[in-house]
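Using the hints, put the two chains back together into the complex; each one sits in its own frame.
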Amino acid sequence: MENFIFVILIYTGIYAIAALGLNLVVGYTGLLSLCQAGFIAIGAYTTAIIMNAFNTGFWESMLLSGLVAALFGFIIGMPTLRLRGDYLAIATLGFGEIVQNVIMNWDSVTNGPMGIHSIPEPKLFGMALSASSDQAKPLWVLTIWIIAALSYYLIRRLIRSRVGRALEAIREDEIAASSMGINTAKYKVGVFIAGASLGGIAGSLYAGYSQAIAPLTFNFMMSIMILCMVVLGGLGNSFATVIGAIIITIASELPRLIGISHRIPPQLNQVLFGCILVFMMIYRPQGIIGRIKLNYAKILKEEILHTEK
Amino acid sequence: MNFFNIPSNELLQHLINGLTLGAIYSLIALGYTMVYGILKFINFAHGEILMIGAYAAYYFYSFLYDPAKGSSFIMAIFIAALLIAMFASAALGVLIERFAYKPLRKAPRLAPLLSAIGVSIILANLAALFFGTKSRKFEYPFDNTIIQIGSLNITPNQVMILGVGFVMMVSLKLFIDKTKLGKAMRATSQNQPVASLMGININRIISLTFAIGSALAAVAGVLMALEFKVYPTMGTMAGLKAFIAAVVGGIGNINGAMVGGIILGLLETFGVVILGIPQGLKDTIAFTVLILILLFRPSGILLKNIKEKV
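Line by line, the protein sequences are chains D and Z.
The first sequence begins at 1 in my numbering and counts up by one.
The second sequence begins at 1001 in my numbering and counts up by one.
Be aware that one or more of the hints could be misleading.
[As the list claims (entries may be wrong)] Pairwise CB distance ranges (calculated): (1) Z:I1147 with D:W106: 37 to 45 Å; (2) D:I289 with Z:I1079: 51 to 59 Å; (3) Z:A1091 with D:R284: 26 to 34 Å; (4) D:M180 with Z:N1201: 54 to 62 Å; (5) D:R256 with Z:E1010: 33 to 41 Å; (6) Z:N1201 with D:E302: 49 to 57 Å; (7) Z:A1107 with D:F6: 34 to 42 Å.
Please keep in mind that the hints were generated in silico from the structure rather than gathered at the bench.
No residue lacks a Cβ here, since even glycine has one placed at the ideal position from N, Cα and C.
In isolation and in its complexed conformation, chain Z is listed as follows (with noise of 0.2 Å):
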């Protein structure tokens, strides 16, 4: 497994980095694919609702947990902002459609695109307003220790940030495949008006989907916090990014926004490893890639070629 001379531990050691940064967008993508496929419209603003997430988790943590003193609760505080930053997340998500999509629901296509882009201005300006444009840091909840698997360096935070993501996922996938409230958010994001003919709730169903994928984003913001930092842009390009990543999995898609982030995870960390892309540029692959899939398979890898129907 040598190719480009770089050692294959060193290999080994990229697809760990690739992978959880894969894991981060793939939790954000799939907040996008599922607005996507149920009201057909881009929700730009989801990455300001994953950085209000973090910026929740954050405050309440650093309330809560003195590094200086310690604390012998920490997992417990850690996993408590968490569920902070899913519920003010899922709020955040379910008011901003109640108030700036919904009114739109029967607009021309631009109008709720448009207000999205509003929605997404507001937030990141407000919070760079609020919470100061200075990046802040979770002081670590788990020690520093690097975990050795061989010759692999592994820290604690990629650890949680693949263990979250993985149970995140698997939990969607189940609560989306397996309850009665994910075969109506299917039933939903077929067909609409028949979906509601059968007695679902359109608009309970709209708005679950918006919590959750919100909660989903918010789960994101918080692990990206812990490897990155805090900040009030922190969820545009990571949002933008992920929506290409939901794009290659074919837009709509549940499992292809998971395997769609996690291929441009590994995209990104290869492309500057073994292509030797500068890091000033990194954000250039990610867009190459969306360029190269809008060309040769818009449709995404996994989904089958849909003709739009009148």
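Looking at chain D on its own, in the form it has when it is part of the complex (with noise of 0.2 Å):
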């Protein structure tokens, strides 16, 4: 029991990562990206794949990994955000099916379907971080909610800058903030190359937790699970995203935890998915915590205040 709640804490973890980097994308700047989970294959595979060929320790993998991501990310984001968001959607959607029919067809590194098993155990100040031993577990919890919460910080700082003004700009009318002197291709396709290095950060982690990945693990419905995650928490609100990462792989984790899981079928989960996308959509546009937006005129009232003292 206590186990199972350390599994779901780290699980929760890399999603809440994973679904950080996307809340920037849909939730602050408006573009719908429906391939994180492919930006997880891709973090979890280089890891998988540099660590077995070249000894390399788990950690610079897993900073390489968000960099592999987001090259990609650059490479997806550039042909399409020049022009206006809907057609990220579909070339995410594509990018996604591709990196899963990559990895199943290019036997020689991934080792194909059958995924890579022989991930070698991070080692953490010296201390083998084993998927095996329980010992390791809460070890696991503290370093994945470090990085989240670290994530988290660098993503507040950069929405209360300029660069996250724009975004907001960006998100509630493009003509009007490119008016306004914004370079809104580059800010876009920038927002997109963190979401995806974050993408492949939590790739990374997982890819060293569970020592064994499977292409089929990451396909359009962990990407639908983590957009679910965005959007029931509420987007545009890194906080709300946490609280929506933690119910949504509570919700998926229950029935196996409760021992009903063989009685559902898979399906009724992904029907929920798509009913939580239709309805917030339709009643609760802002997500359950809903969206905190910066009053501008406060700050501005405040800091005037502050002047005149």
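Structure, rendered in structure tokens:
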């Protein structure tokens, strides 16, 4: 039982990191990306492959995985994001499928549909973090949530800066934003790359924790699950995204926890995700927590009062 | 006409195969492009509407036709199944628009997109729950003899796909260009407020657009089922590629969707034959085409470059 809570906390943390990245793109900038699972797959496979091939440590591999995912984000984002946001949805939908296809077919590197089952265990200050040992689990929880907290903090800093205001302006009205002198393409590609790299880091953590990965894990439904976390919590609100990640992960792991998973067909879970998307959009587009809008008028007033004192 | 060491008669054979695939893409792409032309959003559930249509035809057809006994009305049953599929999909398309998209017409752009993805997931998974994930095959309505024209082998299915596809596209074109309702549709896609000032019932035109687009998707679904199989996710990949076809032709442009579909079908077939792209990576072709089109000619091969206005 205790063990199970740790496992849920670990997966929640990994999904929260990926969802925070997606929220940057979908929530703050208003672009629909449907391939967060693809970036997670890229991160996971990069880590697995370079750890096996070059004996690199896990943490270096993790950073490199983030970079590789960012590179792919750039390749997808560059042609599609110069145009209207709609194309990104289709391009990312296709990209997610392609990533899976390539992983399935590139046997010599990715071991095809079998996946990679021999990822070395990560070491933290000389301690081995093995997936099988129970002692390592609390440490994993701690590590992953520290990384999640770090991402949360960085995103918060980003959003409350000039960049964040530009992103919100793009979301509200792209044409107006560009007439205010915002280089919209640059910001959109940048934010997409940032989201992708967080996906890559989440994937790397996934590979490091489970020490075994298979291509079918990172399917379209995983992207949808992460999207649901963002939508359920509240678009454009990092805190709400983390709450969404916790709720969705628990909801999808709960049947397994109380031992009725064999009675529930997996499709039911996905029907639920679909319903979340439709009903949240129609009845509560701001999510269960809501979007925290920065009140610029208030900030300005406070600043004026501050200077007058 | 002998390049890349492929005999010319084989090349012609691939041309026919590519055209068949392209005709199916075109039919699906029309639905995307019509909806995009009027509502400016991607109807992600389009592929699933196609799938539901194919299932409707499949159940109707296998209910009436027993392959062991055979039937003399086989052609009539098949056409009836096709009509049933068109009707079922049209009704579904209109319902989806009414309940999942209409409340979001004034919402930010992201909302209907997310809602459409939700609908598509719901439909695909409900179909898997109710119809099972097993793929089903139509018992061929036509005898399986291959028609030989010179050195070409054409199956009756291919003739059927090309024929039905052609008839559907021509009638759509006539409907949009020559009838009053078609004119109303064109007006609505150009400027909604002005169209409604001219006495056009916008809601009815939008419903009509969804009905026609979905009915065409159903036709594509039934034709696909002849050549391939019926299964819950049959519409997903086909839908994605058809959207790419619509982008190739210039999204929102009806002629473009037809041309784009054919081009994409040919590119996919010849990509595998000439460039030797492995079958497992066949789907990457369409995707590469999308990236290239977006890089070099984002408004499609037919459309003039129109800047977005405020």
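Status of each hint after checking the structure:
Under the hint 37 to 45 Å, the C-beta atoms of Z:I1147 and D:W106, about 40 Å apart, fit the expected range. Distance hint check for D:I289 and Z:I1079: the Cβ-Cβ separation is about 54 Å, which falls inside the suggested range of 51 to 59 Å. Against the hinted window of 26 to 34 Å, the Cβ-Cβ separation of Z:A1091 and D:R284 comes to about 29 Å, which satisfies the hint. The beta-carbon spacing between D:M180 and Z:N1201, approximately 38 Å, falls outside the hinted interval of 54 to 62 Å.
The given range of 33 to 41 Å is broken by D:R256 and Z:E1010, whose C-beta atoms sit roughly 53 Å from each other. Between Z:N1201 and D:E302 the CB atoms are about 51 Å apart, so this pair conforms to the stated range of 49 to 57 Å. Range check, Z:A1107 to D:F6: about 40 Å between beta-carbon atoms, so the 34 to 42 Å window is met.
In summary, the structure is inconsistent with hints 4, 5 from the numbered list given earlier, while agreeing with the others.
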